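Okay, here's what each chain looks like letter by letter:
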Amino acid sequence: MNKYKERPQPFPVIHKNECKACDRCVITCKNNALEMSNELNDSGYNYVIYKGEGCIGCGNCYYTCPEPLAIEVHIPKRRKKDKAENSDNNIVESNINKKEE
Amino acid sequence: MKNHSSINVDSHSKEFETKITNQNTNLDLEEFETKIIKKPKSINDSFTRKGGDFPNVTHYCAGCGHGILHKLIGEAMDDLDIQERSVMISPVGCSVFCYYYFNCGNVQTAHGRAPAVGTGITRAENNAIVMAYQGDGDLASIGLNETIQAANRGEKIAVFFINNTIYGMTGGQMAPTTLIGEVTITSQGGRDPDSTGYPMHMCELLDNLEAPVFIERVSLADVKQVRKAKIAIKKALQVQKEGKGYTFIEVLSPCPTNLRQDAKGAEEFIKNHMEKEFPVKRFRDKSKETKPLVRNESDFSMESLDKIFKVDRKNDVETISKTDFENVNVKIAGFGGQGVLSAGLTLAEAACSEGRHVSWYPSYGPEQRGGTSNCSVVIAGDTIGSPVVNECDVLIALNKPALEKFKEKVKEKGLIIYDSRIGEYKTDKKIKVVSVPAVDIATSCGNPKAMNTAILGVLMEIGKNKNILSKDAYYEGIREIFASKPKLIDLNIEVLEAGAKWMRENSK
Amino acid sequence: MANQMNASNNSPTCVEIPGSKLGSQMTKGNTAIIIGAMYAGCDCFFGYPITPANEILHEASKYFPMVGRKFVQAESEEAAINMVYGGASAGHRVMTASSGPGISLKQEGITFLAGAELPSVIVDVMRAGPGLGNIGPEQSDYSQITKGGGHGNYKTIVLAPNSVQEMCDLTMKAFELADKYRSPVVILADGVLGQMAEPLEFPKKAIEHIPDDNWAVRGNKKTMENLVTSIFLDFNLLEEFNQELQVKYKEIERQEVDFEEYYIEGEDFEDAELILISYGISSRLSKTAVDIAREKGFKVGLLRPISLFPFPQERIFQLAKKNCEFVSVEMSNGQMLEDIKMSANFKDIHLVNRMGGNLIEVAEILEKIYELLNSENSKSNSSYDKDNKELNEPYIEKKYKDEINSENNLNSRIID
Numbered sequence: 001m002n003k004y005k006e007r008p009q010p011f012p013v014i015h016k017n018e019c020k021a022c023d024r025c026v027i028t029c030k031n032n033a034l035e036m037s038n039e040l041n042d043s044g045y046n047y048v049i050y051k052g053e054g055c056i057g058c059g060n061c062y063y064t065c066p067e068p069l070a071i072e073v074h075i076p077k078r079r080k081k082d083k084a085e086n087s088d089n090n091i092v093e094s095n096i097n098k099k100e101e
Numbered sequence: 001m002k003n004h005s006s007i008n009v010d011s012h013s014k015e016f017e018t019k020i021t022n023q024n025t026n027l028d029l030e031e032f033e034t035k036i037i038k039k040p041k042s043i044n045d046s047f048t049r050k051g052g053d054f055p056n057v058t059h060y061c062a063g064c065g066h067g068i069l070h071k072l073i074g075e076a077m078d079d080l081d082i083q084e085r086s087v088m089i090s091p092v093g094c095s096v097f098c099y100y101y102f103n104c105g106n107v108q109t110a111h112g113r114a115p116a117v118g119t120g121i122t123r124a125e126n127n128a129i130v131m132a133y134q135g136d137g138d139l140a141s142i143g144l145n146e147t148i149q150a151a152n153r154g155e156k157i158a159v160f161f162i163n164n165t166i167y168g169m170t171g172g173q174m175a176p177t178t179l180i181g182e183v184t185i186t187s188q189g190g191r192d193p194d195s196t197g198y199p200m201h202m203c204e205l206l207d208n209l210e211a212p213v214f215i216e217r218v219s220l221a222d223v224k225q226v227r228k229a230k231i232a233i234k235k236a237l238q239v240q241k242e243g244k245g246y247t248f249i250e251v252l253s254p255c256p257t258n259l260r261q262d263a264k265g266a267e268e269f270i271k272n273h274m275e276k277e278f279p280v281k282r283f284r285d286k287s288k289e290t291k292p293l294v295r296n297e298s299d300f301s302m303e304s305l306d307k308i309f310k311v312d313r314k315n316d317v318e319t320i321s322k323t324d325f326e327n328v329n330v331k332i333a334g335f336g337g338q339g340v341l342s343a344g345l346t347l348a349e350a351a352c353s354e355g356r357h358v359s360w361y362p363s364y365g366p367e368q369r370g371g372t373s374n375c376s377v378v379i380a381g382d383t384i385g386s387p388v389v390n391e392c393d394v395l396i397a398l399n400k401p402a403l404e405k406f407k408e409k410v411k412e413k414g415l416i417i418y419d420s421r422i423g424e425y426k427t428d429k430k431i432k433v434v435s436v437p438a439v440d441i442a443t444s445c446g447n448p449k450a451m452n453t454a455i456l457g458v459l460m461e462i463g464k465n466k467n468i469l470s471k472d473a474y475y476e477g478i479r480e481i482f483a484s485k486p487k488l489i490d491l492n493i494e495v496l497e498a499g500a501k502w503m504r505e506n507s508k
Numbered sequence: 001m002a003n004q005m006n007a008s009n010n011s012p013t014c015v016e017i018p019g020s021k022l023g024s025q026m027t028k029g030n031t032a033i034i035i036g037a038m039y040a041g042c043d044c045f046f047g048y049p050i051t052p053a054n055e056i057l058h059e060a061s062k063y064f065p066m067v068g069r070k071f072v073q074a075e076s077e078e079a080a081i082n083m084v085y086g087g088a089s090a091g092h093r094v095m096t097a098s099s100g101p102g103i104s105l106k107q108e109g110i111t112f113l114a115g116a117e118l119p120s121v122i123v124d125v126m127r128a129g130p131g132l133g134n135i136g137p138e139q140s141d142y143s144q145i146t147k148g149g150g151h152g153n154y155k156t157i158v159l160a161p162n163s164v165q166e167m168c169d170l171t172m173k174a175f176e177l178a179d180k181y182r183s184p185v186v187i188l189a190d191g192v193l194g195q196m197a198e199p200l201e202f203p204k205k206a207i208e209h210i211p212d213d214n215w216a217v218r219g220n221k222k223t224m225e226n227l228v229t230s231i232f233l234d235f236n237l238l239e240e241f242n243q244e245l246q247v248k249y250k251e252i253e254r255q256e257v258d259f260e261e262y263y264i265e266g267e268d269f270e271d272a273e274l275i276l277i278s279y280g281i282s283s284r285l286s287k288t289a290v291d292i293a294r295e296k297g298f299k300v301g302l303l304r305p306i307s308l309f310p311f312p313q314e315r316i317f318q319l320a321k322k323n324c325e326f327v328s329v330e331m332s333n334g335q336m337l338e339d340i341k342m343s344a345n346f347k348d349i350h351l352v353n354r355m356g357g358n359l360i361e362v363a364e365i366l367e368k369i370y371e372l373l374n375s376e377n378s379k380s381n382s383s384y385d386k387d388n389k390e391l392n393e394p395y396i397e398k399k400y401k402d403e404i405n406s407e408n409n410l411n412s413r414i415i416d
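Chains as they are written, first to last, in this note's numbering: chain A, 1 to 101; chain B, 1 to 508; chain C, 1 to 416.
In case anyone wonders, no lab produced these hints; they're calculated from the structure. Hints may contain errors.
Said to hold, decoys possible - Derived SDA-like pairs: lysine to any residue, alpha-carbon spacing no greater than 20 Å straight-line:
#1 Lys307/B <-> Lys204/C
#2 Lys400/B <-> Pro448/B
#3 Lys271/B <-> Lys400/B
#4 Lys205/C <-> Glu275/B
#5 Lys224/B <-> Ile56/A
#6 Lys409/B <-> Lys322/C
#7 Lys322/C <-> Gly266/C
#8 Lys62/C <-> Asn296/B
#9 Lys50/B <-> Gly266/C
#10 Lys264/B <-> Glu275/B
Note that the structure is a prediction, hence the values are computed from the model and not measured.
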C-alpha cells in the first residue's frame, strides 16, 4: 500500500447551479461522500456538496446524475513516463478552478 | 487542492475505478495527470438552444432519466467516433428538445413519426447514423405502426425507447406501458386491464420480426444498471456505425415527478415493479452474422434517364396542328382481358407516331379487373378538350354488353366494328356496321389472343382512303405497344394484315 | 439475414430495356409525374397505394431503383409524408403522391414541412369525396390544398396541370419552386389527368440536385450544426417566424402567379364579356365550350389558373373592373368560386359544377354561357339542342355518370 500513499486523491467537481437536488448521486455514492446542502443554488434548488473526503473516483455519481453538466469526477493518475504533454489531442483542462465545495 | 493542469481523457476508461484511498501527503504533482469523468463531447458544452437564465441545466425535472440516457448515448457516440455522422431525431414528449443537448445534426419531428422520418433520412443519406429517441406514448401508442414497420424493413436506425410508464410532458396520463394497478391522471383507480388492456411489451413485440439486428431492454434503476445500459447502447451504435440495420434499445427510466417518487422510491419502483413486468435482458444480437446494408448511389444523368425511358432524341416526332383535320373519336369496349385498353393504346400510339394530337382515356378502377372495360381515343388536328368520348365516330365492340351499351352513341355516318361471335346487329341509322370473325382471323395467324389486333386491321383497311392514319403508323403503334415483348411484334403485324385482307375480301 | 439479401453493389444500376421509343411517347398522366420528377433530380419517392394515383407509385417503384434512386412503399400515408420530411431534412429532392383521403391523412406532415421550411413535392390526384366517396374525378380538394390544409398560418404553392405534358413539366417546376422558397409544393391533378394518356415530349434537361448544406441535416461534419424543427417555444419568436412566412407568401404571390388566357383580350376578336375560370381537366372542357360559343359569336373567354396558390387575383380584379362576368367551372361545390369572388371584389360569380365523380359536360357550360350572354336569343336558337351539330362534337360528355354507374355496380362501393 505504500505506493498509493504517494498519490493525490480523486474528487468530484460539482457545478452547484446545475444541481436539482434529486438525490441520486447521494444514494449511489459507495463511500457516502456526498450530501445535500441546506443552502439553495441560483435556480432555487438545494445542491449536492462533497464532504471533502471519501471519493474513490468510481464515477457512480456522474453516471446516475441526470444533469449532464452538473458533476465531473477528477481522478489523478500517475503519468506514464514516455507520454509527453505535447499531444494535440489532449485538451488542457482548466475547469478545476470552478470546483465548488 | 492545488491548481494544476490536467488531461481530459476518455471517460469510458475502466481505469477510473482504481481505488485511491490514502491521505494527502507531500506529493510531486508533476508525476500525475488527471482523468476527468465528465460529459462527452457529443453533448453540448452549454445548452444555448434552450437559452434562458440557466443555459447549462436541462429542461428535465429533477431525477429524470432522460439526462442520464443522453449522456450514455453521447459517450457511445464519442467512443465510436461517430459524432459527425450522427443525426438525432427528437420526438414529441418530454424529449421533444433532445436537440438542445446532442452535438450533432438534429431533426425534430411530429408525434410518433420518428421512424418514418428516420427512414427518409437514412434512405437519402446512406452514411448518416440515424437515431430516433422516443418515449412510450410516442413510440408505443401514436407511432406504433411506424415503429413496427420501420423495424420490419430493417431500416438503419437506432431507436432509443424511453419507457417510464407514463405520459410525462402532457401531465401524467396513462401510457401503453403503464403497469396494471398503476395510478395515473387517466387511470385514477389504477390501470384496469378490463378497460385499458395490459402493458405493451415492445422488445418482445419487435423480437417477433425477422429484420432487427439488435434488441435489448436496459434499466436506469441504479448505477450498475446504468453502466450495463451504456454497453447495450454502444453495441447498438456499433451496429449503426457498420450500417447493418435496425437496433432497438428499451430503457426503463424514472419519472419522479409524475409518479410522485423521490430518488429512492423511483429506484425501487423500477426494480420491484417495472423490471418485473419488463424483464431487463438482451433479446437479440445478430450483429455478428449481419452484413452491412449498402444502398445504391443515385444516378442523375440524362443518359441513364433517356435509357430507362427509351427516349430516342434523334427521331423525335413533333405534334402538328392541322385545323382542317376532322376529329375522330373512337370507343373501344369489351371484357377486361380482351385487349380493350391495349387496342386503344395501339391506336393512340399510331396517331402519336404520325404527330397527331391524340388522347387515350381508360375506364379505371375495379372494372378493369374482370368486368367490362372501355377506353376512349380522340385523334385530332388541334389541342384536345375532353379526352372522354361519349358520342363516337367509331365503336369497336368486343362483347355484347359493350355493343348494347354504346351502339346508340355512334354518330350518323359512323362506324361500328364488332366481334362476329356477338351475333347479328342491324341499325336503321346511317352507320356502317362490320361484323368481324376476329378470333378466326387471329387464330389463323397462330394467336387467338390477338383478336383485338385483327379488328384494328379491319379499321386500318376501312380508313385507308380517308387519310387518317397510315399503315406505317399502325405498324409503329404495334411496335410501341410490344416494345418490351419483341417476339409479339411480327405476329401482331401479321394479324393486322390478315384483318385488313379479310376486310378487302369481304367488302363490296 | 434479411439484410444480406438487400446488400448489393454500390454502383448505379441503370438497366436498359429492350426496344426504343420516340422522343414523344404516349404517356399516362400519372407516369408523366414520375418522368418529370426523375428529370428534376428527385432522389426519393415515398408513397402508399390509392386509386386513382396508383400509377405514380407503380412507376416510381419501377424506375427509381433502375438509376439507384430510392423508393419506399410506406405503411401509411402519414408514414409516407414523414419519410418525405426525413428525406427533405437531408436536403434531397423527395416526393409523395396520393388522392383526397390520403392527402387528408398527410396534412399533419404537410404542416410540419411548412413549419420546418422543407422543400418537397406532393401530388394530389383528386377523386370524389367526402369520406371514401368514389374514385371518379373531382376537384374537391381545392380548399384543403390551396388554404394550407393543416394547422397553422401556412400555405403551400399549388400548381394545376391540365394535360399530360403539364403533369411532367409542372412537376419539374414544382421542385424548382420548392427549393426556391423552401416550401412544400402541391401538384393538384385529378383522376382524368392521372389516367389519360397523351403524347409527352420528354424534358430537355436532367437536373442533378445538390443539397443545401446551409440548412440540411445530412450526417456529415458540414451540416452538424444544423437543426430542422418547427418548434418555437417563445411566443414572440414564433410570431416573428409566422410573419416571415407571410412575407414569403407575399413574395410568392408577387413572383409566381401563373395563368393562361384564351379569348379574353386580343386584336383578332372582341374582348370577352363573360369569362370562364377553370383549372385542371375542367379547363379543357371550358376551352371547348369557348370555341363553340365564339363560333356562334358569343364574347366569351377562358382564364385558366395554372398556379392556384398564388391565385391570379389581380388579373381577375382588373377584368372585374371592366365589368366582365365570371363563371367558375369546377368539379366541386364552388370552392374556387370563393377565391374568384374575393378577387372580383365580391361581385356575384356564376357556377357550373358537377360533383360525385362526374365530369362537367361542355353542354352544361354552353347552356350557362347562352343563358348569361343572350337571354333573349337563348329561347330561339341558343338553348342546348341535342341534335345541334357542334354539340355532337367529341368533347361533349353527356352521360358520363350513367356510363360509370351502369358499367359495374361495384363502382359505388369501391374501397381503395
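So, going through the hints one by one against the coordinates:
1. Lys307/B <-> Lys204/C: holds (14 Å)
2. Lys400/B <-> Pro448/B: The given pair, whose Cα atoms are some 19 Å apart, holds under the 20 Å limit.
3. Lys271/B <-> Lys400/B: With Cα atoms ~76 Å apart, lysine 271/B and lysine 400/B exceed 20 Å; violated.
4. Lys205/C <-> Glu275/B: violated (60 Å)
5. Lys224/B <-> Ile56/A: holds (16 Å)
6. Lys409/B <-> Lys322/C: violated (42 Å)
7. Lys322/C <-> Gly266/C: Measuring from Cα to Cα gives roughly 15 Å; hence the hint holds.
8. Lys62/C <-> Asn296/B: holds (15 Å)
9. Lys50/B <-> Gly266/C: Answer violated: lysine 50/B to glycine 266/C is near 61 Å, above 20 Å.
10. Lys264/B <-> Glu275/B: holds (15 Å)
In terms of the numbered hints stated before, the structure departs from hints 3, 4, 6, 9, listed from lowest to highest.
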